[in-house]
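In order, the protein sequences belong to chains A and B. Converting from the first sequence to the numbering used here requires adding 508 to each position, the first position being numbered 1. Converting from the second sequence to the numbering used here requires adding 16 to each position, the first position being numbered 1.
Keep in mind that the hints were calculated from the coordinates and are not lab data. Idealized CB from N, CA, C, for every residue including glycine. Be aware that one or more of the hints could be misleading.
So the derived list for chain A, only partly shown, Cβ under 8 angstroms to chain B, looks like this [what the hints assert, rightly or not]:
hint, residue
1, Ile-519
2, Ile-609
3, Asp-616
Simulated crosslink set (SDA-like; lysine to any residue; CA at most 25 angstroms straight-line) [to be verified]:
hint, chain 1, residue 1, chain 2, residue 2
4, B, Lys-130, A, Asp-614
5, A, Lys-599, B, Leu-145
6, B, Lys-74, A, Ile-618
7, A, Lys-526, B, Tyr-122
8, B, Lys-45, B, Asn-72
9, B, Lys-126, A, Ser-612
10, B, Lys-119, A, Thr-600
11, A, Lys-536, B, Lys-130
12, B, Lys-130, A, Arg-525
13, B, Lys-25, A, Ser-612
14, B, Lys-157, A, Asn-613
15, A, Lys-510, B, Asp-180
16, A, Lys-536, B, Asp-114
17, B, Lys-41, B, Ala-146
18, B, Lys-126, A, Ala-528
19, B, Lys-119, A, Asp-537
20, A, Lys-599, A, Lys-518
21, B, Lys-74, A, Asp-616
22, B, Lys-45, B, Thr-67
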Amino acid sequence: MKITFVKKIKIDGSPCRKCAEVQSRLEKDGYIDKIDRTVIADERDNNSEGIQLATLYEVDRAPFFIVESDVGDPLIYTVYFKFVNEILSGKTNEEDTAKDILDSNDLDFI
Amino acid sequence: MIIKNFDPKQLAQEYDGLSPAAIIKLALKSFDKIAISFSGAEDVVLVDIATKINPNVKVFSLDTGRLHPETYRFIEQVRAHYNIEIDVLSPDAKAVQDLVRSKGLYSFYKDGHKECCSIRKVIPLRRHLAVLDAWITGQRKDQSPDTRNAVPVVEKDAAFSSADKNFYKFNPLANWSSAEVWEYIRSNDVPFNALHEQGFSSIGCEPCTRPVLPNQHEREGRWWWEESTQKECGLHVADQKK
Ligand code: SF4
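Bound conformation, chain A alone (with noise of 0.2 angstroms):
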């Protein structure tokens, strides 16, 4: 299996807070060592990996994961604590898997 983290840089050039919190959270939970890569996806540069392998998977957010077996098509995960669940079999706190979830759905509703 390759897992690959890709991580945005706004268009303005900053780093994406969302993408630093993943990589923090990555480090915290003791996950880092399973990423084999990490590409940038620059939205300055359409030719950017990161952009090239967001416009290839139809990928619409930042941070994702791309993960890649011998079997079967890569998958992709947008929501960190998903990916931690279903790939690393690991579980990440409550609250961080609230925020997850309200970052990765309009819930302005509840």
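For this one, chain A is given, so just place chain B with the ligand on it according to the hints.
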């Protein structure tokens, strides 16, 4: 009971033009472990329709501890009016205490609403939904035209599904406009939250909701101070000139 081979995509197409009552009937027929999420606002329409179909329908409300007094009174009024039980869900007391101790009572004005909403809304909601197979919400397309155009009347709920379990969401009011909701409320003598008479079209927590002017979109009445940071997780491809 869960209908075998429940196919939300196909059902969403089939039921898209049908009435909220038909969609609620489908929901209640398809799942036993299902509940209505009632926010204390105009989603009371769901309760009105559903109790006519099944008077014992399960209803829950999220009590964030920060609702308007009018909303608490309204939830109580609805409980009595329809003679139903309403599960009023409270956030974890320790998590709230820790947040308030470290960041005060109004951290959302500085840090954004997500941390507080996670503790006061999403965690209790997630725990409650964990024992259900589906929920019914008052989500409508017209509430947030930029992001909600794709609200199907029934869908697999990506937020609360897991690798082991599919979880479903019914949005019977998805295709109704605010005007249609209010037409229903008026013509069926449905009770409503007194805040609506004070200019509130969207009702949430007291510190995070404000009345809007005519012609202002209802979403402008929620978390108005953090509009610019909403889309930070999007990935935009540069429009590069050659
Ligand atoms: S709406 Fe405001 S007060 Fe209510 S839970 Fe969210 S941030 Fe906290």
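Check each numbered hint against the structure and report the violated ones by number, ascending. Number 20 - this is the single hint that the structure violates.
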